[in-house]
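Take these sequences, add in the hints, and give me the full structure.
In case you want the letters, here they are:
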Amino acid sequence: MNEYNFAYLDEQTKRMIRRAILKALAVPGYQVPFASREMPMPYGWGTGGVQVSAATLTPDDTLKVIDQGADDTTNAVSIRKFFENTAGVATTEETAKATVIQTRHRIPEAKLTEDQILVYQVPIPEPLRFLEPRETETRKMHSLEEYGLMHVKLYEDISQHGAISTAYAYPVKVSGRYVMDPSPIPKFDNPKLEMDAIQLFGAGREQRIYALPPHTKVVSLDFEDYPFEPTKADHACDLCGAEDSYLDEVIMDDAGNRMFVCSDTDYCRTRRARGSQGRLSKEDEI
Amino acid sequence: MTPLLSVQDITKTYGARIGCTGVSFDLYPSEVMGIVGESGSGKTTLLNCLAGYLEPDTGQVIFDTRTDGPMDTVTMSEPERRMLGRTDWAFVHQHASDGLRMSVSAGGNIGERLMALGNRHYGSIRGDAMNWLGRVEIDTDRIDDRPTAFSGGMQQRLQIARNLVTGPRLVFMDEPTGGLDVSVQARLLDLLRGLVREMGLSAIIVTHDLAVVRLLADRLMVMKDGHVVEAGLTDQVLDDPQHAYTQLLVSSVLQV
Numbered sequence: 001m002n003e004y005n006f007a008y009l010d011e012q013t014k015r016m017i018r019r020a021i022l023k024a025l026a027v028p029g030y031q032v033p034f035a036s037r038e039m040p041m042p043y044g045w046g047t048g049g050v051q052v053s054a055a056t057l058t059p060d061d062t063l064k065v066i067d068q069g070a071d072d073t074t075n076a077v078s079i080r081k082f083f084e085n086t087a088g089v090a091t092t093e094e095t096a097k098a099t100v101i102q103t104r105h106r107i108p109e110a111k112l113t114e115d116q117i118l119v120y121q122v123p124i125p126e127p128l129r130f131l132e133p134r135e136t137e138t139r140k141m142h143s144l145e146e147y148g149l150m151h152v153k154l155y156e157d158i159s160q161h162g163a164i165s166t167a168y169a170y171p172v173k174v175s176g177r178y179v180m181d182p183s184p185i186p187k188f189d190n191p192k193l194e195m196d197a198i199q200l201f202g203a204g205r206e207q208r209i210y211a212l213p214p215h216t217k218v219v220s221l222d223f224e225d226y227p228f229e230p231t232k233a234d235h236a237c238d239l240c241g242a243e244d245s246y247l248d249e250v251i252m253d254d255a256g257n258r259m260f261v262c263s264d265t266d267y268c269r270t271r272r273a274r275g276s277q278g279r280l281s282k283e284d285e286i
Numbered sequence: 001m002t003p004l005l006s007v008q009d010i011t012k013t014y015g016a017r018i019g020c021t022g023v024s025f026d027l028y029p030s031e032v033m034g035i036v037g038e039s040g041s042g043k044t045t046l047l048n049c050l051a052g053y054l055e056p057d058t059g060q061v062i063f064d065t066r067t068d069g070p071m072d073t074v075t076m077s078e079p080e081r082r083m084l085g086r087t088d089w090a091f092v093h094q095h096a097s098d099g100l101r102m103s104v105s106a107g108g109n110i111g112e113r114l115m116a117l118g119n120r121h122y123g124s125i126r127g128d129a130m131n132w133l134g135r136v137e138i139d140t141d142r143i144d145d146r147p148t149a150f151s152g153g154m155q156q157r158l159q160i161a162r163n164l165v166t167g168p169r170l171v172f173m174d175e176p177t178g179g180l181d182v183s184v185q186a187r188l189l190d191l192l193r194g195l196v197r198e199m200g201l202s203a204i205i206v207t208h209d210l211a212v213v214r215l216l217a218d219r220l221m222v223m224k225d226g227h228v229v230e231a232g233l234t235d236q237v238l239d240d241p242q243h244a245y246t247q248l249l250v251s252s253v254l255q256v
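Just so you know, the protein sequences line up as chains U and F, in that order.
The first sequence maps to residues 1 to 286 in my numbering.
The second sequence maps to residues 1 to 256 in my numbering.
Keep in mind that the hints are not guaranteed to be accurate.
Footprint (simulated), chain U over chain F, 3 or more residues, beta carbon under 8 Å [to be verified]:
id: 1; region: 53-67
id: 2; region: 121-131
A few chain F residues facing chain U, derived, Cβ under 7 Å [what the hints assert, rightly or not]:
id: 3; residue: A16
id: 4; residue: I18
id: 5; residue: G22
id: 6; residue: G108
id: 7; residue: D144
Just so you know, the hints here were simulated from the structure itself, not pulled from any lab data.
Since we're looking at a predicted model, the values are computed, not measured.
Every residue, glycine too, gets a C-beta built ideally from N, C-alpha and C.
Given below as structure tokens:
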């Protein structure tokens with residue numbers, strides 16, 4: 001389709017976004033403001049991630065889009081189609097074959113490599129937002145490294161629930177300097193933030209881009225006597241039997257039956273293709 | 001003896017209007033200074049200039065820091081000033097909701113300064129919070145309640161605990177008893193007096209309530225229209241007022 005400029009955005013806009021991305025990579029965890037454009041989708045559907053992907057894609061790239069780990073949900077399908085139409089790039093559902101992966105709320109289970117870029121969709125980039133509503137004040141807190149407030153939130157968790165109950169968007173400290181919201185990924189994924197691939201975070205409505213260069217040190221905040229613990233459902237995947245992947249719980253009927261399946265559909269499919277089986281794989285072939 | 005706080009010729013104007021002008025005084029360790037005057041006399045402007053919330057137009061505020069000795073807090077860098085603000089200084093607001101995080105539990109409120117200073121041990125933070133709740137006479141089983149569930153007097157006491165937990169040396173108080181009924185005021189004043197004596201705190205208390213300064217303050221400054229019109233020992237100023245305005249102020253107090 002030639003009516004669109006490559007990847008929808010005009011070249012000037014992509015240049016502006018790339019400058020923001022480069023700055024974000026130079027200062028890991030720092031939220032770089034950028035002039036976010038209106039995209040042909042509502043805010044909250046990944047307008048930030050789409051703009052970062054558009055600025056990152058080249059005609060040779062292979063794109064994969066996931067939503068909560070799945071390739072086949074509305075958000076993932078429509079963004080993938082959007083780039084098929086406007087950029088004409090190849091798309092894939094296989095993590096290993098993709099060069100650019102746009103994700104909403106998950107990190108793929110398969111280990112990413114130095115040749116890949118992971119683009120996150122971020123709803124609210126400011127980790128301190130719900131504690132301190134003033135933007136001027138949170139910026140000052142970042143610049144002066146005043147992060148005591150972040151621990152107040154974790155303190156409140158422990159005092160109310162007996163453990164750190166924050167389960168997603170778990171705050172991390174990047175490279176010993178900036179406290180960052182890793183977007184609403186489950187805290188199970190937090191240890192994976194130290195990876196070989198480039199990670200870019202785009203928040204469209206909030207007009208911020210931030211980034212983690214490869215191998216950046218990322219520490220999840222915690223207390224000495226209540227250390228950080230990645231959590232997942234205590235089950236194996238009922239389709240592929242994987243015990244190391246993050247699981248979705250699916251209610252099967254109104255009699256209390258439920259099943260647990262990998263939230264990363266590509267990971268599950270790859271395992272099943274290799275012959276791995278779970279508790280329900282015979283009766284429930286998908 | 002080095003003064004803890006040495007204020008020299010502080011002037012702050014809002015355009016053509018005077019906030020406060022030409023204020024100078026020294027505050028020595030363990031000394032409590034009261035600032036009284038009517039509404040609009042520049043008391044709060046002065047306090048905000050001293051505490052670093054407002055930048056004065058001229059003048060110096062020299063604080064005797066623990067590490068580097070006397071330093072001018074007006075010209076020091078903002079990180080240094082904010083560091084002072086959560087270690088050696090404390091600020092008790094008139095409205096507890098300005099000084100507390102209303103959506104965070106009492107324990108979290110007290111613990112915030114400790115966590116800001118790098119304490120990362122939940123057990124010890126909670127222990128300190130318990131201890132301080134006890135010291136300001138709040139039941140320790142209220143530790144997980146939010147300040148919104150507290151009475152006005154309890155909120156004010158919680159605010160004091162939150163401020164004193166890091167062992168500051170200088171406390172700024174802006175009408176600490178404003179809006180409280182007299183019996184609650186009396187209890188709060190009693191508590192404050194005890195803490196000030198026990199911890200050897202220096203304090204600057206802004207109020208329009210002469211009873212508060214009579215009870216707490218060693219020295220008194222009377223302000224009118226941005227100027228200090230009279231200063232001296234509290235009992236001396238209140239019992240033998242020299243300036244016409246001070247005489248008016250003292251005689252305006254209702255006798256029950």
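For the region 53-67 of chain F, do at least 3 residues have a Cβ located nearer than 8 Å to some Cβ of chain U?
violated (count 0)
Fill in: Annotated coverage of the region 121-131 of chain F by chain U, confirmed only when three residues or more have a Cβ within 8 Å
It holds, with 5 qualifying residues against the three required.
Let's test the interface hint: is any C-beta of chain U closer than 7 Å to that of I18(F)? Violated, about 28 Å.
- Query: If you take the shortest Cβ to Cβ gap from G22(F) to chain U, is it below 7 Å?
  - Reply: Hint on G22(F): violated, closest Cβ of chain U at ~31 Å, above 7 Å.
- Holds or violated: is the Cβ of A16(F) closer than 7 Å to a Cβ in chain U? violated (28 Å)
- Against chain U, with CB atoms and a cut of 7 Å, does the hint on G108(F) hold up? Hint holds; G108(F) Cβ to chain U Cβ min 5 Å, cut 7 Å.
- prompt: Does the CB of D144(F) sit less than 7 Å away from some CB of chain U?
  reply: holds (5 Å)
The structure does not agree with the numbered hints 1, 3, 4 and 5 stated previously, though it agrees with the rest.
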